[in-house]
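*Asks:* Once you know that position 209 of the sequence shown is 209 in the numbering used here, the rest is easy, because the numbers rise by one and skip nothing.
Treat the hints with care, since some could be wrong.
[As the list claims (entries may be wrong)] Derived DEER-like restraints, expressed as beta-carbon distance ranges:
hint: 1; residue 1: E576; residue 2: G508; range: 44 to 50 Å
hint: 2; residue 1: E593; residue 2: E568; range: 28 to 34 Å
hint: 3; residue 1: D356; residue 2: A376; range: 32 to 38 Å
Simulated from the structure, these hints should not be mistaken for laboratory data. We treat Cβ as the ideally placed atom computed from N, Cα and C, and that holds for glycine.
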Amino acid sequence: MRLTVAQALVRFLAQQWTERDGAEQRLIAGCLGIFGHGNVAGIGQALAEQGAGTHAALPYYLARNEQAMVHTAVGYARTRDRLTTFACTTSIGPGATNLVTGAALATINRIPVLLLPGDVFATRVASPVLQELEDPRSYDVTVNDTLRPVSRFFDRINRPEQLPSALLAAMRVLTDPAETGAVTLALPQDVQAEAYDWPEELFRRRVWHVARPVPEPAALARAQDLLRRSRRPLIVAGGGVKHSQASQRLAAFAARHRVPVTETQAGKGAVPYDHPYAAGAIGHTGSAAANTLAREADLVIGIGTRYSDFTTASRTLFAGAAFLNINIAAFDAAKHSGQMLVADARQALDALEPGDWNADPAWSARATELTRDWQAEIERAYGGTELTQPVMLGIVNQAAEGGVVVNAAGSMPGDLHKLWRATDPGQYHVEYGYSCMGYEIAGGLGVKLAAPEREVFVLVGDGSYLMMAQEIATAVQEGVKLVVVLVDNHGFASIGNLSESVGAQRLGTSYRMRGPSGELDGAFLPVDLAANAASLGADVLTAADPGTLRTALAKAVASARTTVVHVETVPGPGPETTAWWDVPVAEVSDLPEVRAVRRRYEDHKRDQRPYL
């Protein structure tokens, strides 16, 4: 079958499927792309020839920013439990390097995304081509090599003969839940357009089985022994619980053994907030209930978590606990000298049942009491009369019943983690592995493409909005309806608070004009974000108080179009964090307030432990 490399690539991708538990779905749902001289004559031509409509073998979607289209693919793949994703094609040069941030985000969060950047001529006959990086040490280096460290698999296709093996390796990594992340196939532009005689077998329908590894019997026995000896066990539910569709198993397991369940950012919603043993968020942005239990637990059962520094409060929580780590990846299961149970979360929970053990009744009762107190704290935070951020979140939480909340960076992830009441595993979508400003709208687009039946509420601060708002235009073009709550607080509020806490005096965190002294302390910038959103094609509503916000959200939900609700919040306290985060403080300073902060920092450092 004589086709160009690009035509063969498109035809191959359209025939890849995944299967888990007997259910099959497309592995590559479509191709997001921006064209330039590095891919327009190759992948661009191949997509145009096969037809680029939504009913094409490989549907094409026009994005506005290369980083954003990776975020869209991540939002889609995470919503579909990593069983299906998008390909992303770019030209060479800045189009390719714009992928790096998105690739890092995908790999850190263990989310599959296929990246297809164009590359310089393999034949080198026209070198240096436009946008080519010339490295005097080697002609074999291109800007696409920046994608190597942030990709789980990377290959450059310099000859057509290399394509089949590279494609099969790429699909293997995309469908391996323990290894997945960004996968990059760099495609020299001349090779994309080169013809080759391909075996027809390359284009047959291929189904990739997504495994559910079962626990090794000896490891299972060791885990059961730990559980039997524990009196105060505590579950830390991570994103792996949701990826493996183990939420119902976890809820039943916790109820049967009376074990409180805490949640990481990725795991929030793994059990409903009103489950009898749901203790809420854990770690630096966690609830007082969960963090109190963490300090008193004798066994931490981590399920599908990679134990970020926020989860462990920079290793100052879990002071006296042993660890049992259930994870599909041995790399994560081995953390903190834990007892490893390498398995799919659902398979592991099934294997641990039935168990002849229960948590101490006094421990379970304490968890229930602490959680009841925390829910009352949430009620107080949500119930204010001014439009503070916690009040705003409470109003959105009520409006979003049955919908999905999407967020990534700033001060909102912390408040969301502590306060948001998630009723099902798919309702909470906060990207906090990379905490990437700009993820929100692009990621929300991916969520909506993956779950068109659900309302998607994108919460984005003005800082993130100014970094990457242009995918509103993509949503409008595709007729994909989002509800975007644009929270305008004139700067980087979260980093401003952090800056002040370490003695950096909020430098560079407020959107102000330069004042007479030359400092950035003048009037707020005259930026009209609502007008900007309208210019991108969205309907825009404004809200100035709790009542008008409720009205605006009701209108946005009733609308069939992407709607931006512009909100200016006022400063107002939410529940204080009850756990530490290690951000180094200057060891010497002329400022007495910095010296005082440094002393407190050193006090916290003494609480860190190596978990050995």
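*Asks:* Now, for every hint given, state plainly whether the structure supports it.
*Replies:* How the hints compare with the structure:
1. E576 to G508: 44 to 50 Å: 25 Å, violated
2. E593 to E568: 28 to 34 Å: 30 Å, holds
3. D356 to A376: 32 to 38 Å: 36 Å, holds
Violated hint: 1 only; the structure is consistent with all others.
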